[in-house]
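Peer 1: Once you have looked at the hints, place chain B on chain A.
This is what each chain is made of:
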Amino acid sequence: MCLIIDANCAVDTLSASPSAAFEPVMATISKKNAAMVMGGTKLRAEYKKLSSVWRFIVALDQAGKAKTYSDAEVDAAQANLESAGLLKSDDPHIVALAQVSGARLLCSRDQDLHQDFRDKSFVDNPRGNVYQNQSHSRLLRKC
Amino acid sequence: MKITLTNVRGFEGTHTFSIRPITILIGENSSGKTTLLAAISAALNTDFPATENLFNRAPFELGSFDTIATYRGGKYGRASSFSVGWDDNKGKASKSCFATFENQGGTPRLSLMEVKDGPNVLTVQVTKANYEFVFQYNKKVSRAEPKIDPGANTTIQFSAKLEGGRSFRLQDTFRYYLEQLKVNDLGPDSGTSPSSSEIFDALHYMTVGSMRSRPHATAIAPMRTRPRRTYDDLNEEFKPEGEHIPLILARLLALKEGQTSKEVEALESYGVASGLFSKIVVKRLGKQSSDPFQVRIKLKGPDANLIDVGYGVSQSLPIVIDSIVAPNNEMLLIQQPEVHLHPKAQAALGSFFVGLATNSSKQFVIETHSDYLVDRVRIAVAEGKISESEVSLLYLERNGLDINVHQLELDSLGNITNAPATYREFFLKEEMNLMSRAK
Chain A
1 MCLIIDANCA VDTLSASPSA AFEPVMATIS KKNAAMVMGG TKLRAEYKKL
51 SSVWRFIVAL DQAGKAKTYS DAEVDAAQAN LESAGLLKSD DPHIVALAQV
101 SGARLLCSRD QDLHQDFRDK SFVDNPRGNV YQNQSHSRLL RKC
Chain B
1001 MKITLTNVRG FEGTHTFSIR PITILIGENS SGKTTLLAAI SAALNTDFPA
1051 TENLFNRAPF ELGSFDTIAT YRGGKYGRAS SFSVGWDDNK GKASKSCFAT
1101 FENQGGTPRL SLMEVKDGPN VLTVQVTKAN YEFVFQYNKK VSRAEPKIDP
1151 GANTTIQFSA KLEGGRSFRL QDTFRYYLEQ LKVNDLGPDS GTSPSSSEIF
1201 DALHYMTVGS MRSRPHATAI APMRTRPRRT YDDLNEEFKP EGEHIPLILA
1251 RLLALKEGQT SKEVEALESY GVASGLFSKI VVKRLGKQSS DPFQVRIKLK
1301 GPDANLIDVG YGVSQSLPIV IDSIVAPNNE MLLIQQPEVH LHPKAQAALG
1351 SFFVGLATNS SKQFVIETHS DYLVDRVRIA VAEGKISESE VSLLYLERNG
1401 LDINVHQLEL DSLGNITNAP ATYREFFLKE EMNLMSRAK
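So the sequences go chain by chain: A and B. 143 is the number that the working numbering gives the last residue of the first sequence; the numbers go up by one with no jumps. 1439 is the number that the working numbering gives the last residue of the second sequence; the numbers go up by one with no jumps.
In case anyone wonders, no lab produced these hints; they're calculated from the structure. Owing to the predicted nature of the structure, the values given are computational and were not obtained by experimental measurement. No incorrect hints appear here.
Cβ-to-Cβ under 8 Å is the rule here; a few derived chain B residues that face chain A:
1) Leu1408
2) Ile1416
3) Ala1419
4) Phe1427
5) Leu1428
6) Met1432
Note that the Cβ used here is the ideal one computed from N, Cα and C, for glycine as well.
Chain A extracted, bound-state conformation (with noise of 0.2 Å):
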């Protein structure tokens, strides 16, 4: 199964000490057969400015735990999405990776973010879930 990490909440997951609530996320990609997933000019550039989760995504891309996604693609479906303006949250480029990998399970912590994602006019087959604290561990177990 593989997740998306927003930038905003990627210190607290991709790190050697997870915050409480991200820990289970962190623990499910190291030890499962989950993977993050990648793509897209705005997330890539996001990531490289925090330079120590840039280099633990670099480690788990070459463990095959995050999977990487044609940036193009990503750019294309984001700019889909701005032009038909229809989402609350300005974060187009983490729905339009959700609709080019398949990737259903957001970490986040950007409310309308979250909205967007639940939305199946934008995230659908399945729908999108959200993870934001250990109560949503289930989420996980899929994965």
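Peer 2: Only chain B this time, still in chain A's reference frame:
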């Protein structure tokens, strides 16, 4: 092409490996990488199968039967036999060759071999006194080669006495036995189809002609020979440690002013990409082509003798040059090509192997601990320089006395799609420890 091992060292039971134009063996020390290379080297040796112990051909030395056959421990003890072989479905007819070895006074003794070419199967069982041959055929061996009546569906059996002291090799000694058989066992042509001479020709084709098209393996040693200030007593005969390389280099570089060759271009291209050299010059210490010479390396400023530049140059030259001059259809078995190389040069090696694998029919089986080399191959896949189906990542993992083998697949963006949870577990933990060291 696939290589199959049964009960060889830690490879308990039967393990089949997919060998592709680029095959990379990954795993901790003592996880079976070198054993696998040695087995490939033996199986793709022109003499295979042979009564001689091909598992000890340089640069490999797997030792005696007791150090090759799987040890299972406890009441299971050591396997009573082990097998090695290959099969290849490339081309019109699938071909394969397998051999089983038993213990004879501590050395592996060939006990059974099977050669297949399409529907035709030759089995040779080696008993204490005889070779027992069984040849099944049911249609012509090939369009171009000796024919047997397509309607025939026949099994012939015959035996030949073992001759004391005569070793058995598929491609030369076997011909000797076949010639004996032609006279002694098959009898004169009686006008029936197939005739004895047709059977002889078909057998000969299966054991010699057909086998010519299989890849031949060349193994390069993990530590290459030390450079010398002057070279004078050399020959071009291949040596795994690369003693032959200076003379090959001298021949490649014996070009007139302004001339170049594909080989030299490939060499210099690697030199520039790796940061090791921009040009290599051979300087003769006399006017004759047989006079001693020096190998001089140009990077920046005046050129320098090979012995006076970084060790990485002399360690990587045998790999690069043997790879360039290897004939098509050659399979190069390379151990630790990254030794003494800076990460930039390790990565450049990845691109170099991809370039040769895609522009020729050479194949590379590379045992490595270099992330840079592996990453560069994955990048080449993502860039479309090589198809993901042409790359095989074999992750070997020791599990007690056994070895688990994971064939890691790449997708078109170079993502590893089926890594087990244990893959690179150490590296992830190390990253975490590094990041939390200030706590």
